[in-house]
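Those protein sequences? They're chains A and B, same order as listed. 871 is the number of the first residue of the first sequence in my numbering; add one for each residue after it. 212 is the number of the first residue of the second sequence in my numbering; add one for each residue after it.
Careful, some of the hints might be misleading.
Sample of chain B residues facing chain A (criterion: CB under 10 Å; computed from the structure) [unchecked claim]:
1) Val-268
2) Trp-300
3) Ala-358
4) Pro-362
5) Val-363
6) Phe-372
7) Val-373
8) Leu-374
9) Arg-376
10) Val-377
11) Leu-625
12) Pro-627
13) Ala-629
Keep in mind the hints are simulated off the structure, nothing from the lab. Here a beta-carbon is modelled for each residue, glycine too, at the ideal position from N, C-alpha and C.
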Amino acid sequence: MAVVVAIVALFGALTIPFPSLMSSELQLPVSVIAPLGLPIVLAWALSSSDPRLELGTVRRLGALDVALAVGWCGLAAVTAVILTLPGSPEAGLIAARATIGYVGLLLCARWVLPTDAAAAVPIGYVLLVSFLAGGSMRSAPPWAWAIRPTGDMASWLIPAMLLLLGAIVLWRYPGGIQHGAT
Amino acid sequence: MRIRTLLRVAPGAWLAPVMVGLLVLYVASSITFGPREPYGLYLTARAMNGLGLIVPVFAGTAAWEGARLVRGGVWGLPMTRHRIAVAAWSFLPAFVGGLIVLVVTTMAVLVPQGLVVPDMVILGSATVILLAQVALGFFIGTIAPRAIAIPVVVLGSFMTFVLPRVAGSAWLRHMSGTTLELCCTTDQVLSPGVVVSIVAISAAILIAVAILLTRRPRMGVYPVVFLVLLIVASGVAMAAAPPTQRPYAERTGTADVCETRDGVTVCVWPEHRELAPRVSRVAAAAVDAWRAAGVTVPTTFREGEVDKSDPLTAGISVRSTNSRNSLIELLAVAVAPHFPVARDEPTCAATHEWRSSIAGPYVWTWLATEAGIDHQSVDNYFGGGARPDSDYFPDAPKSLIVPVLPLLEKVWELPPPAQATWVRRNLRALAQCDVLPPLDPG
């Protein structure tokens, strides 16, 4: 988390050209890309649990997992916003929103995918945005909330809903969906 | 493992059809931004735009395979087959899936342009890059937790394609093959150094992966092996294709599709066969206008290598996107070569400072105007004056701009025979390099 926040604080406003179907390329800020590190590490943490053993525990591990995911995500988002306030506050807000949305996507994806494969979903989402969201961030459709202007309320509502839904999934199925040994 | 089993369990095999659709759409849309010429090398290079998606996705599936062997406990068992053979069978579906997507994407670019043969050197280079990154993905899958290995491989591999466009790091460009995308207009070929560099970096990755898969040293040794091999390979790559060097070389050979009209011959590359009638029509009209004004000009305009000692032949490079105006510009440059737009410098420029090149903009403007170029184009080029080239005029201040049109106004006021004499003298000066051109019409 420290590395991600440091990258956002130092380079968050820089843009990187990504491939796009709608124009030759789409310039995505680092503050959209760097938060992808958080769901990756969170997926690792969640996948290292032993679901069978945890099913028999008396402590409410589901609630603790939710607290871990949401608390961690919130801490990263707030730190990113605070650290970027003096330089590029827009980058901090973009990173905060992306963190909430990506963690939400990861938690939702655990409904259908093994936890250790679910981290590929936020990455797939960013690639999809790069390909299909159009040539500029301003004209991006609502589903590409990660790159919409930060003043757009819907672009905050969707990631918040994803996080809420993901938290419910995590609480209900703390061990994630059970798969074979594939 | 049986092929049926491989296809059933390998995500690389499942992802291939999805990727084909996405990549064909992407590459087809990206190619609309460049010229559409049936040149196999150029079209194959454009298809490599898709490499930045193919490689990360299939490297990610290879990481999945590696992680699955570890998770199943197979990777830690004693093996009768060599570990590299076991690994190769495991990441084969990812590699083959990527290769199929690469070939289909390339064909999707080539087929609409007619029967164009893909460039096997570019395809081969891309295959080597795919193999190296898939193998690296597999290796990372065997050492890192699956939850981290797959996203890190996908994202890391993707970044090797994206970052060179921002940071311009040479070895990253060679690792990911983004250099290939810069190749090549019809009068260029891929520089052999680029291929050597790509193969060197990819070979270093493959050797490192092979060593580490076989020996299984302590974790701390991994980065050392990679670092040593990458430093050696980077040295080879830098020597073969220095970062400052262009990734393409001049195409050798002579254009042999010729069309003659009113005594003027235009020869173009086979890929420009359809352009030959239009170019020859414009060339015949331009030469006719110059002759009528009393200026002797070449009667053959040729793409490719040109015999510089033959005063009746000049070099041109046409594009499918050339308008009549831009064709006149090309022909005028061919007659009055001047830096930086000249395709060929005079032979003397190899040994002398080409100081007479300052006459180029004036003679070029006179010739182009005589051949019927519109005034807007002339204005666009030299309305604000010309900047002396620093290679030939190192002492000239960078801010110096020489006015072109005011002097030409004086030339145009002369009677036609005097104008022709002024042009002839300056053309002679242009070919002699170290003389000062007689620009003053008085």
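Now the hints, each set against the structure:
Residue-level restraint check for B/Val-268 holds (minimum Cβ-Cβ distance to chain A is 9 Å; threshold 10 Å). Because the beta carbon of B/Trp-300 sits about 17 Å from the nearest beta carbon in chain A, more than 10 Å, this interface hint is broken. The interface hint given for B/Ala-358 holds, since its Cβ lies 4 Å from the closest Cβ of chain A, which is under the 10 Å cut-off. Here the hint on B/Pro-362 is kept, as its CB sits about 4 Å from the closest CB of chain A, short of 10 Å.
Given the 10 Å rule on beta carbons, the hint for B/Val-363 holds: about 7 Å separates it from the nearest Cβ of chain A. With 10 Å as the threshold, the beta carbon of B/Phe-372 comes within range of chain A, its nearest partner Cβ sitting at about 8 Å, so the hint holds. At its closest, the beta carbon of B/Val-373 sits 5 Å from a beta carbon of chain A; the interface hint therefore holds under the 10 Å criterion. For B/Leu-374, the suggested interface contact is upheld, since its CB lies about 7 Å from the closest CB of chain A, less than 10 Å.
The interface hint given for B/Arg-376 is met, as the beta carbon of that residue sits about 5 Å from the closest beta carbon of chain A, less than 10 Å. The beta carbon of B/Val-377 is positioned within 10 Å of a beta carbon in chain A (closest approach about 5 Å), and the interface hint is therefore held. Proximity of B/Leu-625 to chain A is violated relative to the hint, the smallest CB-CB distance being about 48 Å (cut-off 10 Å). For B/Pro-627, the interface hint is violated, since its Cβ never comes within 10 Å of a Cβ in chain A; the closest pair sits about 48 Å apart.
Annotation: B/Ala-629 was flagged as interfacial toward chain A, and the flag is violated, the nearest CB pair being 51 Å apart, outside 10 Å.
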